[in-house]
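Let's have the full structure, built from the sequences with the hints guiding it.
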Amino acid sequence: MDARAVIEDGISRGRGVVERALDGLDDSDLAYRPSPEANPIGWMAWHIGRVEDMHVADLMGEEQLWTAEGFHERFGMPPEGDNFGTGNSLEQVNEVHPPSVQSLREYYRAVADRTDRYVATLSDADLDRELDEPQWTPRPTVGVRLNSLIHHVAHHGAQIAYLRGLLDGRADS
10 MDARAVIEDG ISRGRGVVER ALDGLDDSDL AYRPSPEANP IGWMAWHIGR VEDMHVADLM
70 GEEQLWTAEG FHERFGMPPE GDNFGTGNSL EQVNEVHPPS VQSLREYYRA VADRTDRYVA
130 TLSDADLDRE LDEPQWTPRP TVGVRLNSLI HHVAHHGAQI AYLRGLLDGR ADS
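Under this note's numbering, think of the first position of the sequence shown as 10, with each following residue one higher.
Since the hints were made in silico from the structure, they are not lab data.
The reader is advised that the hints may include incorrect statements.
Stated by the list, open to error - Simulated DEER-style distance windows between Cβ atoms:
1) ALA14 / GLU46: 38 to 46 Å
2) ASP11 / GLU89: 33 to 41 Å
3) ALA47 / LEU140: 30 to 38 Å
Built from N, CA and C at the ideal position, the CB exists for glycine as well.
Here's what the structure looks like:
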């Protein structure tokens, strides 16, 4: 298996966790959180898509789908491309209200489709390309950035699955 195939597989597996965790939820479940300070299911699902959208758009040199496809309007949120959830205060988290499970899926799938198309074009040399991000030592490469996305989706996808288990009262979710 080459590096690109490993990345494709990792991204796909993480998405599967998220998709299964969202299956069967109704729109009101998106607000579920085990405590007032915890991030709700809907915020986490939104955040996963936003981070992937932001990173892949940056790697491609394109506009984020959040604004290019008007997803910010569908979510009733401002078009700010730099609001993707990382570092959000509790007040900012509480301002994110995805309108429906379906709207989250539509955004997430649009982002996933673009990511898949992008990754399919990458060579080993592309994956080794260093990013112009001097704030990091060593500077990340395209491959490192995509590996970070795999970790990010798996991390938050597992959190959603755990909350789903709490919501359902089951240990096997």
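So, going through the hints one by one against the coordinates:
1. With their beta carbons about 40 Å apart, ALA14 and GLU46 fall inside the hinted range of 38 to 46 Å.
2. ASP11 and GLU89 have their C-beta atoms about 37 Å apart, which keeps the hinted 33 to 41 Å range intact.
3. Separated by about 32 Å at the C-beta atoms, ALA47 and LEU140 satisfy the suggested range of 30 to 38 Å.
In this structure, none of the earlier numbered hints is contradicted; all agree with it.
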